[in-house]
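A.B. asks: Dock chain B against the given chain A, drawing on the hints supplied.
Number of protein chains: 2
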Amino acid sequence: MLIPVLDPKLYFCRMLQVSLIGSGNLAHQLLVALRDLTGVDLVEVTARNTEAIDLLDNDIPLNSDFSKLRPADIYILAVSDAAISPVSEQLGDLPGMLAHTSGSVPMNALMHENRGVFYPLQTFTKGKVVDFSKIPICIEASSRTGMDTLNQLAQKLSEKVTELPSNQRRQLHLAAVMANNFTNHIFYWAERFCIENQLDFTLLHPLIEETVAKMKAVGPFDAQTGPARRGDLNTLQHQLEAMPTPELKQLYQYLSNSIQNTYGKEL
Amino acid sequence: MLIPVLDPKLYFCRMLQVSLIGSGNLAHQLLVALRDLTGVDLVEVTARNTEAIDLLDNDIPLNSDFSKLRPADIYILAVSDAAISPVSEQLGDLPGMLAHTSGSVPMNALMHENRGVFYPLQTFTKGKVVDFSKIPICIEASSRTGMDTLNQLAQKLSEKVTELPSNQRRQLHLAAVMANNFTNHIFYWAERFCIENQLDFTLLHPLIEETVAKMKAVGPFDAQTGPARRGDLNTLQHQLEAMPTPELKQLYQYLSNSIQNTYGKEL
Chain A
1 MLIPVLDPKL
11 YFCRMLQVSL
21 IGSGNLAHQL
31 LVALRDLTGV
41 DLVEVTARNT
51 EAIDLLDNDI
61 PLNSDFSKLR
71 PADIYILAVS
81 DAAISPVSEQ
91 LGDLPGMLAH
101 TSGSVPMNAL
111 MHENRGVFYP
121 LQTFTKGKVV
131 DFSKIPICIE
141 ASSRTGMDTL
151 NQLAQKLSEK
161 VTELPSNQRR
171 QLHLAAVMAN
181 NFTNHIFYWA
191 ERFCIENQLD
201 FTLLHPLIEE
211 TVAKMKAVGP
221 FDAQTGPARR
231 GDLNTLQHQL
241 EAMPTPELKQ
251 LYQYLSNSIQ
261 NTYGKEL
Chain B
1 MLIPVLDPKL
11 YFCRMLQVSL
21 IGSGNLAHQL
31 LVALRDLTGV
41 DLVEVTARNT
51 EAIDLLDNDI
61 PLNSDFSKLR
71 PADIYILAVS
81 DAAISPVSEQ
91 LGDLPGMLAH
101 TSGSVPMNAL
111 MHENRGVFYP
121 LQTFTKGKVV
131 DFSKIPICIE
141 ASSRTGMDTL
151 NQLAQKLSEK
161 VTELPSNQRR
171 QLHLAAVMAN
181 NFTNHIFYWA
191 ERFCIENQLD
201 FTLLHPLIEE
211 TVAKMKAVGP
221 FDAQTGPARR
231 GDLNTLQHQL
241 EAMPTPELKQ
251 LYQYLSNSIQ
261 NTYGKEL
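In order, the protein sequences belong to chains A and B. For the first sequence, counting from 1, position 3 maps to 3 in full-length UniProt numbering; every step adds exactly one. For the second sequence, counting from 1, position 45 maps to 45 in full-length UniProt numbering; every step adds exactly one.
For reference, chain A alone in the conformation it holds in the complex (with noise of 0.2 Å):
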C-alpha cells in the first residue's frame, strides 16, 4: 500500500467562526457575504424576529435567544445604532470577540472586554446584493489581538481595510453623510427642477457620473468649474434670477458664495 506524501507548502488552516446578529439589510449583506467565504464558518445567525431572515436555503443555524450563542472568534452586531448598546447587555459573557457596525457610535458603547467595531464605509439598499471587496472597512478592537482577529475577517471580504478609533470612525461617517445624503438631495433638486420644466432628468445621469469620474481623477477642488469659480458675476446673477423658488435662490446663492469664497483668492 502507497502512502501519499503530504505537501510540504499545504498546512491546515483553522476557519474563522464568524455569529452573526440582526436581521437588518446589513446583516442579511454580511450573510451573503459571508457564507460561502473561504476560511469563514457562519457558526449561527441570531434574531429576535428569525423570521425576518432569509437564509437562502443554506443550513445555518437559526436563533433567537440573545442570552444562548454558539462559541465563536467574532459576534457581528449588526442592529441599527439605537439597539446596540440594549441587544449587547442581553448577550452575557461570550467567549470570542463582540464588534458592532456602525460608523457614529463609539467602541465603548459595548460593555464586554474583548470588543470592537467592524464598520463597513457603504450605503446599502435592500435587495441589491454589494461586492464587499470594493467597499472599505474600518476596524477598531480593545485588545491587539482582538484587532488581529477583526483584521482577519477584515481583509477576507475586502481589499481595503483601515484601522481608525472611535473619534476619527465618527468623523468619516460624518463626511460620507455630506458626500452621501448631501448630493442625493441635489439630485432630487435637480430632478424636481427638470420635472417641473418637462425635461427628461436622465440627460443629466452621464454628466452626473463624469462629475464623480473627474472628481476621483483630480480631486475635488481641481474638478471644480462654473461660474462661481470663475467669478463671472454677470453669468451667477442671471442664473440665480432663474431659480424658479425663493428655496432654490437661496440654495443657489449659499453654495455659490461658498465656492465663490473657496476660489475667491484664485482671482
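Hints are computed from structural coordinates only; laboratory data are not their basis. One should not assume that every hint holds.
Identical chains blur together in the list; that is why a pair holds if it fits in one copy or across any two.
Once the Cα atoms are required to be at most 30 Å apart in a straight line, the calculated BS3-like pairs of lysine-lysine come out as [what the hints assert, rightly or not]:
(1) K216 to K134
(2) K216 to K128
(3) K126 to K216
(4) K160 to K128
C.D. replies: Showing chain B alone in chain A's frame:
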C-alpha cells in the same frame, strides 16, 4: 472582360461637410471626435490663434480669417458664451447653417438666418478625451431642414439626441449646474473635513459611486437615506454639533432642513 455588377443595396452617400470654429477645450474634443467619423468630412478649423490648435498630425486646413470660411453644411461655433455674438458677426454670410454649442445662450444670439444649437451636455476636462456616444446632445434649429442636418450630425456622434427649444435648454443647463457644480463643491467640503481630521478622503470614493448608482437605479427621492430623511432629531442634533466650522454647521442645518421638509409628510 467582365464588368462587375454593383450590389443594388450599395449607394453613394454625400459626406456631411462640417467646419469647426474655436480653439478651446470643447473645440478640441469635437476635432478629435469628428476627424474620423464615418460620413463626416471636417473641412476646416478656424480660430484667431491657430497655434492654439493641435491638429494631431491631421491634414485638416487651418484658417485664422473669420470672414473667409470654406463652404460647409454645418459650421460649429465652439467658443465661450461671451464670444458667440461677436464672433458670429464677423463670419458674414455662410452657405450652410451656423450652430453654437452653449447650454445657456439663446439660439437667436446668432444673427444668421440658417442657425441652430448643438449642445453636448457634459463637463469637459482638458487633456481627457471623451466618448461622445454616451453624451446627450441637445439640438435646435431655425428651420426643419436645419434641424434635419443638425440631427444627422448629432446622431453620428451620440446615441442620445434631443430636440430642445432655447428656454428648455437653459433650464436643463441650470439643472446641470446644480448636479455638477454644487455636488462637486460638497465633495470638496467632505474632502477638507477629512483632511482636517487626518482621514483619507479616497475611503469615500466607493460610497460616492454607489450613491450615484443607486440614484440612477431608483431615482433621488427613493435613494435618500440618513437621519434627516428618517426624522431622527437626536442624531441630527449630534451631527450638527460635530460640524467643526460655522460654515459647515450652516450647510448641515440648511440641507437637513430641506430634506426634512421634503420627507416630512411621510413621517
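A.B. asks: Is the C-alpha distance from K216 to K134 at most 30 Å within one copy, between copies, in both cases, or in neither?
C.D. replies: Answer is both: 15 Å inside a copy and 20 Å across each meet the 30 Å cutoff.
A.B. asks: Can you give me the call for K216 and K128, within, between, both or neither, at a CA distance of at most 30 Å?
C.D. replies: both (24 Å within a copy, 13 Å between copies)
A.B. asks: Is the C-alpha distance from K126 to K216 at most 30 Å within one copy, between copies, in both cases, or in neither?
C.D. replies: both (27 Å within a copy, 15 Å between copies)
A.B. asks: State whether the alpha carbon distance between K160 and K128 is at most 30 Å within one copy, between copies, both, or neither.
C.D. replies: Close inside one copy (21 Å) and across copies (28 Å); limit 30 Å.
In the structure shown, no violation is registered for any of the earlier numbered hints.
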